[in-house]
Amino acid sequence: MNLPESSTVSTYDGGTGRGHVVEKTLSDTIQAALKGDEESFRAIFRSYAPKVRGTLRQMVGPQNLDDHVQDVFLRVWRGLPKLREAQGFSSWIYRITWNVAMDARKNLAREREHRATEEPHESDLTCRNSASESSIAARLVVEKALLSLTPEHRDVLVLSDLENLPQEQVAEILSIPVGTVKSRLFNGRANLRDFLKQKGVKL
Amino acid sequence: MNEPLDDENLKRFLQTNRPEVPEAHPELEERIMDLTVRNSWAWRAKQFKRQFVTATMILVPLAAVLLFAVFTQPKHPMQVQVTPTVATMADNYDSDEVGEEFLEESWSGMQTQTSVAQLDEEFDSL
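Chains as they are written, first to last, in the numbering used here: chain A, 1 to 203; chain B, 204 to 329.
Simulated from the structure, these hints should not be mistaken for lab results.
What you are looking at is a predicted structure, and each value in this text was computed from that prediction instead of being measured.
Mixed in with the good hints, there may be bad ones.
If you anchor each label on the Cβ, the simulated ranges turn out as follows [claimed, not checked]:
#: 1; chain 1: B; residue 1: 218; chain 2: A; residue 2: 103; range: 25 to 35 Å
#: 2; chain 1: B; residue 1: 210; chain 2: A; residue 2: 175; range: 23 to 33 Å
#: 3; chain 1: B; residue 1: 241; chain 2: A; residue 2: 83; range: 16 to 26 Å
#: 4; chain 1: B; residue 1: 244; chain 2: A; residue 2: 167; range: 37 to 47 Å
Computed, partial: chain B to chain A, Cβ under 8 Å [what the hints assert, rightly or not]:
#: 5; residue: 212
#: 6; residue: 220
#: 7; residue: 222
#: 8; residue: 224
#: 9; residue: 227
#: 10; residue: 245
#: 11; residue: 248
#: 12; residue: 256
#: 13; residue: 257
Virtual Cβ for every residue (Gly too), placed ideally from N, Cα, C.
Put together the whole structure using the sequences plus the hints.
So this is what it looks like as structure tokens:
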């Protein structure tokens, strides 16, 4: 999520009958959403949903992804009145996403005995695009590699290397020191390299 | 081993081959809107205000047109005030009263103007 808080958010102003895109700052959009403006909250959803969805996918897998995304935005809606300022909104949503991922893992852990929920299914990788078999195989390997990591290493790796967040922001989201982020990132990458090497993947 | 380069290569590999994200259910967005903003009092108040304004914009002109039609409607023929003609007035007058008034006026006129003797002279001259 790299949407700066000072940037504008496009909302469709259809309510007044004018029907044109209105450029608003994120702060104004949040305020309008709190006052019951549906288009403003919809704009927030559309801006952040892809990243939320991608992050959840990397952290907990594809199962119940829609429910997890819904859970994130329900928590976002409930937490909006308590949000002090628009600055830090991205980190805040990432934090909520991570919390939902943690809860999902706890639920998955309870079901782990009778269900291989953390094993990627071939059907989940059925591409709706025209990706080649090698691409599918590479994605499968990456998914298995991520699942081979501990949750702590995986979270840091997903946020830092897949979501391209700076380490300071990762530390803020996970409520851990920057040093811990660095060490987990180092160890996570090392484990990932070992796994890929075992699978015969050359970087 | 050049770690920064290895890290960059690893990062590039992960981003290129990140696990595919399944598409969202087509109704997910609307479902989230239902559970969030459309479930708020602020949204309901906004909707009420919008509907109230719309209803007012339709009903007020309609009421104005109806009131105008009611008050400018032509009256029943029996209620029409028509300037009566002499004939009508004569018809409307009570004939006995008219006769008496006429006789009184005539008689009073005759009394002041002529006596019986004068009437005899006028008759003889004829």
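So which of the earlier hints does this model not fit? Hints 12, 13 not satisfied by this model.
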